[in-house]
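Undergrad: Chains as they are written, first to last, in the numbering used here: chain A, 1 to 230; chain B, 1 to 230.
I should point out that these hints are in silico values taken from the structure, not numbers from a laboratory.
Please note: incorrect hints may appear among the correct ones.
[As the list claims (entries may be wrong)] Quick list of in silico lysine-lysine cross-link-like pairs, DSS-like style, CA-CA up to 30 Å:
(1) B/Lys196 <-> B/Lys121
(2) A/Lys143 <-> A/Lys125
(3) B/Lys121 <-> A/Lys143
(4) B/Lys196 <-> A/Lys60
(5) B/Lys121 <-> B/Lys143
(6) A/Lys75 <-> B/Lys60
(7) B/Lys75 <-> B/Lys60
(8) B/Lys196 <-> B/Lys143
(9) B/Lys143 <-> A/Lys125
(10) A/Lys143 <-> A/Lys121
(11) A/Lys75 <-> B/Lys75
(12) B/Lys125 <-> A/Lys143
(13) A/Lys121 <-> B/Lys143
(14) A/Lys60 <-> B/Lys75
(15) A/Lys60 <-> A/Lys75
(16) B/Lys143 <-> B/Lys125
Number of protein chains: 2
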Amino acid sequence: MFTLHHHPFCPFSRTIRIAMGEYGIGAEFIEERTWERRREFLEINPANNLPVLLVGQAGKVVGVRPILEFLDETKGASLGPRRLMPADPYDRAEVRRLLDWFDGNMNNEVTSYLVTEKIYKRFMKAEHGGGAPDTRLILAGSKNLRTHLAYISHLAVRRNWLAGETLSYADLTAAAHLSCLDYLGDVPWEDFEHAKHWYARVKSRPSFRPLLVDQVPGVRPAPSYVDLDF
Amino acid sequence: MFTLHHHPFCPFSRTIRIAMGEYGIGAEFIEERTWERRREFLEINPANNLPVLLVGQAGKVVGVRPILEFLDETKGASLGPRRLMPADPYDRAEVRRLLDWFDGNMNNEVTSYLVTEKIYKRFMKAEHGGGAPDTRLILAGSKNLRTHLAYISHLAVRRNWLAGETLSYADLTAAAHLSCLDYLGDVPWEDFEHAKHWYARVKSRPSFRPLLVDQVPGVRPAPSYVDLDF
Chain A
1 MFTLHHHPFC PFSRTIRIAM GEYGIGAEFI EERTWERRRE FLEINPANNL PVLLVGQAGK
61 VVGVRPILEF LDETKGASLG PRRLMPADPY DRAEVRRLLD WFDGNMNNEV TSYLVTEKIY
121 KRFMKAEHGG GAPDTRLILA GSKNLRTHLA YISHLAVRRN WLAGETLSYA DLTAAAHLSC
181 LDYLGDVPWE DFEHAKHWYA RVKSRPSFRP LLVDQVPGVR PAPSYVDLDF
Chain B
1 MFTLHHHPFC PFSRTIRIAM GEYGIGAEFI EERTWERRRE FLEINPANNL PVLLVGQAGK
61 VVGVRPILEF LDETKGASLG PRRLMPADPY DRAEVRRLLD WFDGNMNNEV TSYLVTEKIY
121 KRFMKAEHGG GAPDTRLILA GSKNLRTHLA YISHLAVRRN WLAGETLSYA DLTAAAHLSC
181 LDYLGDVPWE DFEHAKHWYA RVKSRPSFRP LLVDQVPGVR PAPSYVDLDF
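Could you build the full structure based on these sequences and the hints that come with them?
TA: Dropping the structure here:
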C-alpha cells in the first residue's frame, strides 16, 4: 500500500506520479500545500519538501531523487527491458546528470518561477507570500525556458530518448516540468519542433494520463494541454 | 586512470575526494575556477558545475550525486562491510535524503554564502562577481549554520553515524561542507558537542587527510582546522 504526499503542480511530485504509472503502482494521493506548513505533514517530513512516499505502515522515502532510486531498486527489474534506469553505470550517470539539470537548473530558472507566480500564489495567503504574480519573474522564466527547450531539442535530435536509446527517468522528469508549463500555455512549441515531437511521445504514454486531468480552480489549462496531437 | 576536475573549497568536490580516499582510488586533480568559464572545461561539461570525474579515455561522470552513485555501483562491493551505501533500500533512501539536505538546504543556506563571500570572491575579478565580502550574507550563513549543527547533533545522538549504523555518503557529505566552514573558523563547535564528536571521528579518517593540507593563499586556516583533537 503506497501513499504519496504531493501537489498536482509540483514537478517533482509529477515525476513520481508518472513513474508510478510506468511501474503500474497505485497509491493514495494526499495533496499538500507546503506553504501552509501542515503540522501532520511536518511530522512526516520536517524538511517540508515534496514528494514523500509512504509504503505500508513504516516505510518512508522523502524527495524525488530518493524515491526514483528506491523505485528502481525495488521495482525496476519488474519492467524488464522497459526499466527506467539503464544497466550500464555510465548510462545511469547520464540519466542522473540530466535529473540534476532538469530538477536543478531548469527548475530554478523556469518551472519554479512560473508555477509559483501563476499557480501557487493564487492559493497562498498574504502571510505565506501570496499576492499578484511578479511579471518580472514570469518574463525571466519564459525567457530561460527557450534555452531549456533548445537543449531538449538538441538531445532529442541526437538520441532516441533524452538520455540514450531507452525511455528513462530523464524523460519523465523533463516532461513533468514541461507539463506544468504546458498547462499554463507557456511553452512555445512551434519554435522547438524536436522537443515538441519528443514531448508528444512521452505525453501519449498511459502513465501520463492522470496528469492531464489535473485542474487548477480559476486557471483553465491551455487548449493544447490535453491534446495528444497538439 | 581517474581525473577529477574540482575546486579545493567546493564542498561537492571535497565529498568526492574523501570518497575516493575511502575507495583507495588515486586521481589526477585539475583545479577549476568555474567563474572563469575555462573553455576546455566547458567542452567537458557545458553546465560548468563541479566536480567532474573522467575515467580513462572516454568515461565521464558529471556532478556529485552521479559520481557518488557511480562509485558505489562500480567500486562499492570492494569495500565489503565498509560499503558507503547500505544494502537495505530504505536505508539507502535515508542516505540520499541526507545528501539532499546537506547539498541542497545546507549548501544554499550556509556553505555557499560563506565560501563564496570569504574565499571565491578573493579570486574573482570584478566582472565575475568579485569584490568585498557581503557581510549580510556572511551573517545569514553563520546564523543558519547553527540550525544545521543542531540537526547534525540531533542525528549524532540517536545514531552511530548520521544515516544509521555504518559510515555512509551522508557523513562524508556533511563533513565536506563543515570542513570548508571549519577552515574559515566559522563553526561554533563548543555549542554543539555531539556534532563536534561526530566530526572528529570523520576528520580522523585517512581519507580526510588530503583536505587538511589545502590552503587558500591569503586565508590562513583556523588553528583547529588540522588538529584532530580540536
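Undergrad: Next, verify each hint and record whether it holds.
TA: Quick rundown of the hints versus the structure:
1. At roughly 28 Å between alpha-carbon atoms, B/Lys196 and B/Lys121 fall within 30 Å of each other, so this suggested pair holds.
2. Pair hint A/Lys143 plus A/Lys125 holds up; C-alpha atoms about 28 Å apart against a cutoff of 30 Å.
3. Restraint check for B/Lys121 and A/Lys143: satisfied, since their Cα atoms lie roughly 29 Å apart, inside the 30 Å limit.
4. At roughly 29 Å between alpha-carbon atoms, B/Lys196 and A/Lys60 fall within 30 Å of each other, so this suggested pair holds.
5. Our distance criterion of 30 Å between C-alpha atoms is met by B/Lys121 and B/Lys143, whose separation comes to about 20 Å.
6. About 27 Å separates the Cα atoms of A/Lys75 and B/Lys60, which keeps this hinted pair within 30 Å; it holds.
7. Between B/Lys75 and B/Lys60, the direct Cα distance comes to roughly 16 Å. Compliance with the 30 Å bound is thereby established for this hinted pair.
8. Taken as a hint, the B/Lys196 and B/Lys143 pair is honoured in the structure, with Cα atoms around 17 Å apart against an allowance of 30 Å.
9. The hinted pair formed by B/Lys143 and A/Lys125 meets the criterion: a straight-line CA distance of about 27 Å does not exceed 30 Å.
10. Distance check on the hinted pair: A/Lys143 and A/Lys121 sit about 21 Å apart at the alpha-carbon level, within 30 Å; holds.
11. Restraint check: the Cα-Cα separation between A/Lys75 and B/Lys75 comes to about 23 Å, which is no more than 30 Å; the hinted pair holds.
12. Taking the CA atoms of B/Lys125 and A/Lys143, the gap is near 28 Å; set against the 30 Å cutoff, the hint holds.
13. Annotation: proposed proximity of A/Lys121 to B/Lys143 holds, straight-line Cα distance about 28 Å (limit 30 Å).
14. Among the hinted pairs, A/Lys60 with B/Lys75 is consistent with the structure: their alpha-carbon atoms are about 27 Å apart, no more than 30 Å.
15. At roughly 16 Å between alpha-carbon atoms, A/Lys60 and A/Lys75 fall within 30 Å of each other, so this suggested pair holds.
16. At most 30 Å may separate the alpha-carbon atoms for a hinted pair to count; B/Lys143 and B/Lys125 meet this at roughly 28 Å.
The structure is consistent with each of the numbered hints, conforming to all of them.
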